[in-house]
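S.K.: Single-letter residue listing:
Protein chains: 2
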Amino acid sequence: MTVTEVMSELVLQLGIIIFAVRLGGRLVKLAGIPSVLGELLAGVVIGPYALGGIVLPGFPHGFFPLGEGALAVSSELYAFATVASIILLFASGLETDLGLFLRYSVVGGVVGIGGVVFSFTLGALTGVFLLHTTFIDPRCLFLGILSTATSVGITARILSDQKRMDSPEGVTILAAAVFDDVLGIIALAIVLGIVALITSGGGSLNAANILGIAGKALGIWLGFTALGLIFSKKIAAFLKLFKHTFDFSVLALGIALALAGIFEKQGLAMIIGAYVTGLSLSKTDIAAVIQERIHGLYEFFVPIFFAVMGMMVNMREIISPKVLVFGGIYTLVALASKVVGCGGPALFLGFNLRGALRIGTGMIPRGEVALIIAGIGLASGILDTQLFGVIILMTLITTLVAPPLLNASLKIPGSGTRKPAKSDDSVVSEWEFYSDEIADLVVDNLLRDLKAEGFYVQMMNIDEGLSQARKDDISLSITEEESVVTIETSILDMPFVKTAVFEVMLRLNDTIQKLKDSSDPQAMKKELVDSGGRTSENILSLIQAECVSLRLQGNTKKEILVEMVDILADNGKLEDRSLVLEDIFQREKTMSTGMQDGIALPHAKSDGVKDICVAVGIKKSGIDFESMDGNPTRIFIMVISPKKVSGPHLQFLASVGAVLQSDEIRQKVIEADSRPQVVSLLRKGKF
Amino acid sequence: MTVTEVMSELVLQLGIIIFAVRLGGRLVKLAGIPSVLGELLAGVVIGPYALGGIVLPGFPHGFFPLGEGALAVSSELYAFATVASIILLFASGLETDLGLFLRYSVVGGVVGIGGVVFSFTLGALTGVFLLHTTFIDPRCLFLGILSTATSVGITARILSDQKRMDSPEGVTILAAAVFDDVLGIIALAIVLGIVALITSGGGSLNAANILGIAGKALGIWLGFTALGLIFSKKIAAFLKLFKHTFDFSVLALGIALALAGIFEKQGLAMIIGAYVTGLSLSKTDIAAVIQERIHGLYEFFVPIFFAVMGMMVNMREIISPKVLVFGGIYTLVALASKVVGCGGPALFLGFNLRGALRIGTGMIPRGEVALIIAGIGLASGILDTQLFGVIILMTLITTLVAPPLLNASLKIPGSGTRKPAKSDDSVVSEWEFYSDEIADLVVDNLLRDLKAEGFYVQMMNIDEGLSQARKDDISLSITEEESVVTIETSILDMPFVKTAVFEVMLRLNDTIQKLKDSSDPQAMKKELVDSGGRTSENILSLIQAECVSLRLQGNTKKEILVEMVDILADNGKLEDRSLVLEDIFQREKTMSTGMQDGIALPHAKSDGVKDICVAVGIKKSGIDFESMDGNPTRIFIMVISPKKVSGPHLQFLASVGAVLQSDEIRQKVIEADSRPQVVSLLRKGKF
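Those protein sequences? They're chains V and F, same order as listed. Counted the way the working numbering counts, the first sequence spans residues 1449 to 2135. Counted the way the working numbering counts, the second sequence spans residues 1449 to 2135.
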């Protein structure tokens, strides 16, 4: 294939993947299944082993020809999946707050460690028995490490739905997940070191050797993490030299990519380098900005990763009895090892059986990290496609069964702790804002304040606007749905939450006040009529004789407005008279359209009209229209435009305002005897 | 190389590129040169022919080993550059408004067409003479097409700096550039069709044949564009089914990628498919959202494209006499062809020599599109590395010499039109807002309103916040720098501009008013003290005896606040007393901190302190502190925190508020005889 052919195949594949993952994600979400699984399955369906391999005219090997070597896809497509995995782990590192992690809940730590140790050991042992090999077979080590990484996003969603985020079980699960992440990464580093030694055949494996490798891997990890943390402020200061937030966010990702490459050279996985970079920057003040700015990259790349992993799956191999039996056993072990490994320690740490079960089931789901490691194993040739299938099965099933299991255990009535918890009474406060944007603004500000307050803030589920903030034994979950913000916390901490939200609102109000001050609508309004502008005959031709009234009847502002709307309604210009009236009154409420020299320009954009329309009214005696100079208003020109594609609404206002600057024209309009005379005066701008 | 080695090399390269392009871009910008050139040069410097080829320990072929085949870089890295070129053209298509293009200025159209025809013909003829071949040699056709595509970003910046954006010359250049874009794409389609025929050897080239190919290419382009435009609303409606803006923006990019692949299969260039997709969606209401949402992808990918193009350049070949002579002649022809091709027609359309020169020099710079086409030529083997070098030289030099030439021609005094222009008096209005975010908000809203008004709105220079809006003979340029928004337009249109800005401000004020209403600070404040909350002894230990005053002297709110700040100052708690006072008064101005039951909690975040500090004051007789219940205030507790990492500021407020809910404690505090007694009462929350 020529370069051009390779590239055109790639872009077509990327286009297809982007659609397939989003359709897949949406479909499974309707069934209440996390969208990640839909993206994975979309990859299976469109991949080279399924639809993508079908020969089509112009595509002799289908849309997704089977790749050469260890990969089922082309090297170019796999490159996008690789960068995606780096973005994923970089973002995950950014969200971890190591400082708070270190002084965090002892219970969470013990539960997390228990889960990692148990699942690693049992996962590897499954390999030992089923593959008839030894524990230090690279495949067994991979089966062990693959079983450790819990993906807590789904659990968080369920806890939030059931309003249990702040229960002792919920807090423990979320704390344990942080330990799980960090320990999983360290364990991966060690395993890769051992695997490298085994596959290179460069040394005999004994306890001292393994300890040495473990020490080296741990050393590299700790060394880089320590350096990153020590110099994090310097790095952030350097990045901030590139003023634009997009620039320094992409540069931070650049560090992650470079460090990923360097880690791989050192025999550690790329994702470890990416995670360490994120972790190092997580304590800096630009962490939140970077997270926000790379969100677009995340949305583009990460689903490609899941799809590509799905494409590696050969369904024909998976449905072989061998893979199904192996996969079934491995999955059961994976399920049991987290329930026992996490639930067991919980039993000794103040939880009863109910609580331990909830914690254990909450830690079951495996997800993205397991998939990334499986991809590494496949690409390096340690895992064959059958073992890869086993792992995909495990990931799918643990993610699928965890939600119902957790839900069931949450439904068992009663507290999960031996002693009644200090406060099981969590309460919910809800704020509804004017628009999504304002809700965004409020939540962003609130999270920033909470961080300043020493809280550990975590985005649990970026798609669904779910965040979690913890500090010591205070825990809040913040949900943003459209324009509604909901905060759940203990009844004891609700006053604190309200204080925090109150201060945010005050600050926003203040900002807005300053906006008002700096714009000064009154002064701006005055300026509008002070300067002569261009008049366009073309635009002024919107004024039509049928919509002119020489003798308005009304004596109040309200009467005049209704009367003028009725002129338009009577001439068939309006689709919905009452909607137009509402919008016109709404606009007057923000600021009167009464200008100076006896002119008013009431106007609005409204869904009650289909086309822009204009009415003109004259009231010789004048009325009080809250004009700028306080003088009575005699000439009224009303403009209504549709909200979408409104046409020359503002241009009309500016044009007619310019015409009416002339004292003589105003006088002639007021004294006009006929409607055509008024139209001619206003249209021509001359007389 | 194993897959893992390929991938780790790639991510390291991407990391290096991300840094190099930003450094390069910044360095040349200091010298006033467009950052694109810096990114290109960064690629040359770090590329395989230069630093990237240097052998290093662990890197036997350097960081950027020379690729096999036609490309100097690896196929995986080139894949990122390819996707970048698609994003670039997709974004460029999104910015074009075909509807307005079609009914746009006749002068701009003729000037644009003149430039395209002249530069194509002369560019190809240069090839004919220097390569001693015929016009229909693919290389000549490429040299022709490469010479057509003007990149108007630099020109727009200069016009804006010189306040000439709205001069007849400025408007003509910007209109001509739109024609240039569209015609360049169509010409590219035709050339590729002819080249395919030549290289396949599948047919003889005669006039009928060429017409047939031109017809087919034009047909495909027009067909897809027409279909895209006809179904654009349906496509937009479908995309909007995916509620999240990131989702549907990435999906739109997915269409661009898929269509790019399909176009390539049809013998047209990928970028044409991407451009057509952008163009089709440009008229829909989601165009602006997509542009914003893919901005992060743009910032990540596009500089990679320029760097990779730079990497293809072998400096040793470029500095050969042959390439320098060829490049010099080709560049001179490229310069002359736009000056004559665009300036010539202008002479017959009301411009004098001065004006024609300004227009001609403004159209000189070539940029991203020329580079993309050069990459296509190189990858398909039509261009060799020497010809590629010639084109890079041309791109560099035209971009470098255009700014001084245009500046010089603008400095020649006098109007550029034969008849004095209707209005040469362009005026500038400036608005300064409270923060960058608010300026963003105002500009976004203003651009949306202008679009609704039928204006053609274009982001001229995304980095520098420069936008251009045109409709018939009205033209505005809008510049956003930090929190300052500047709008330049004819003196005749300034009233219209002011009307438009005024309406935006009114609407924002209204939104804010609704925010205020929906939050109702007064009601929220009341709620704060109504509910009992948690008290933390740990946090309340911030109260220290030395900062307690049992007998405040002041009799007004202001006196009390100054007195309490002085307590903190006297105890060495403050870094900057006057700054703290200012911040405290500022906070009181937004809303009094006087609560109910005789308590006030004045507080602020201030850069005037290094650590959180608390003062307590008692005024037995009470004073008016604008409290909620109108009763006099007797107990004052002041908290000041540093702005960054403020510590438990809000938690302290909530805790102390909870303690003071008890009538008995309040009474005892007021009657206390000693400072330790007050501290003990407040700290323990019991007595």
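Fair warning: there could be bad hints in the mix.
Pairs involving identical chains hold if they fit within one copy or between any two copies, as the list cannot separate such chains.
Claimed, not checked - Lysine to any residue pairs mimicking SDA-like chemistry, simulated, CA-CA at most 25 Å apart: (1) K1770 to G1480; (2) K1691 to D1892; (3) K1691 to V1932; (4) K1770 to F1467; (5) K2091 to I1678; (6) K1688 to E1740.
Please keep in mind that the hints were generated in silico from the structure rather than gathered at the bench.
S.K.: Could you tell me which of the hints above the structure violates, numbers in ascending order?
M.R.: Hints 1, 4 not satisfied by this model.
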